[in-house]
Amino acid sequence: TQLLEQSPQFLSIQEGENLTVYCNSSSVFSSLQWYRQEPGEGPVLLVTVVTGGEVKKLKRLTFQFGDARKDSSLHITAAQPGDTGLYLCAGLENRDDKIIFGKGTRLHILP
Amino acid sequence: DAGVTQSPTHLIKTRGQHVTLRCSPISGHKSVSWYQQVLGQGPQFIFQYYEKEERGRGNFPDRFSARQFPNYSSELNVNALLLGDSALYLCASSPWTGNSYGYTFGSGTRLTVV
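Protein chains in written order, with the numbering used here: chain A, 31 to 141; chain B, -1 to 112.
Just so you know, the hints here were simulated from the structure itself, not pulled from any lab data. C-beta: ideal position from N, C-alpha, C; glycine also. It is possible that some hints are incorrect.
Below, a list of computed lysine-lysine pairs in the BS3-like style, where the Cα atoms sit at most 30 Å apart [unchecked claim]:
hint: 1; chain 1: B; residue 1: Lys11; chain 2: B; residue 2: Lys50
hint: 2; chain 1: B; residue 1: Lys11; chain 2: A; residue 2: Lys100
hint: 3; chain 1: B; residue 1: Lys28; chain 2: A; residue 2: Lys133
hint: 4; chain 1: A; residue 1: Lys133; chain 2: A; residue 2: Lys100
Only part of the chain B face toward chain A is listed, based on derived beta-carbon distances under 8 Å [unchecked claim]:
hint: 5; residue: Gly40
hint: 6; residue: Phe43
hint: 7; residue: Gln46
hint: 8; residue: Gly56
hint: 9; residue: Leu88
hint: 10; residue: Tyr99
hint: 11; residue: Phe103
hint: 12; residue: Gly104
hint: 13; residue: Gly106
Could you build the full structure based on these sequences and the hints that come with them?
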């Protein structure tokens, strides 16, 4: 079973600061997705990266897929309190079409 | 358009009982997946169904079973409930299996076993 490790597990920073969270695996995924989850809700898809080296931007969020398709990062510029939440990375396995989730990074932005 | 709907939203059961959770995917989506999310952890894959056939099964005991109906809705059944089954159960839908472009999740069913 492929595993995804996310770091850090918890992050608390001041509004306006920049941050990066990481998602790493020893295995290759066909694609990698980032979700954000609010308390009591299901995860909401932010982005999917498919090609090694791919970079996608979503307003202040920048997502990168590693060249070898084993790792990914999420960078947030000028964090805002509305960015608070649980950020989950998830890799799609080809073998049985299931998504493997990391344990998540719980982000708290202080106003 | 309605998103993925799950019912009930909350449920309290006693150890040893049986529970059935329900999911209606987005209209036109033929694949439904079930996940268990324990507090403080990421979702863990339980099952995936596509066109009414099981396409994947996670590392869960046989007490867990599921099925998909002709209208693509799905049920997750758990027998002989244990305290450790307390979790948020999430349903996700996608147009087809092997969807590299992401899944849409419901808000989940919060199951508490006492």
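A quick look at each hint next to the structure:
Taking the CA atoms of B/Lys11 and B/Lys50, the gap is near 28 Å; set against the 30 Å cutoff, the hint holds. Under the criterion of a C-alpha separation no larger than 30 Å, the hint pairing B/Lys11 with A/Lys100 is inconsistent with the structure, at around 40 Å. The hinted pair formed by B/Lys28 and A/Lys133 meets the criterion: a straight-line CA distance of about 27 Å does not exceed 30 Å. Note on A/Lys133 and A/Lys100: the hinted pairing holds, with a Cα-Cα distance of about 16 Å set against a maximum of 30 Å.
Taken as an interface hint, B/Gly40 checks out: its beta carbon lies about 4 Å from the nearest beta carbon of chain A, inside 8 Å. A cut of 8 Å between beta carbons decides the hint on B/Phe43: the least distance to chain A is about 5 Å, and the hint holds. Given hint, B/Gln46 at the interface with chain A, holds; its Cβ is 6 Å from that chain's nearest Cβ, closer than 8 Å. At about 7 Å, the closest approach between the beta carbon of B/Gly56 and any beta carbon in chain A falls short of 8 Å, and the interface hint on this residue holds.
Taken as an interface hint, B/Leu88 checks out: its beta carbon lies about 5 Å from the nearest beta carbon of chain A, inside 8 Å. Interface hint status for B/Tyr99: upheld, as the beta-carbon distance to the closest one in chain A is roughly 5 Å, under 8 Å. Using the Cβ-Cβ criterion of 8 Å, the hint placing B/Phe103 at the interface with chain A is satisfied: the shortest such distance is roughly 3 Å. The beta carbon of B/Gly104 is positioned within 8 Å of a beta carbon in chain A (closest approach about 5 Å), and the interface hint is therefore held.
For B/Gly106, the interface hint holds, since its Cβ comes within 8 Å of a Cβ in chain A; the closest pair sits about 5 Å apart.
Hint compliance for this structure: hint 2 is the single one not met.
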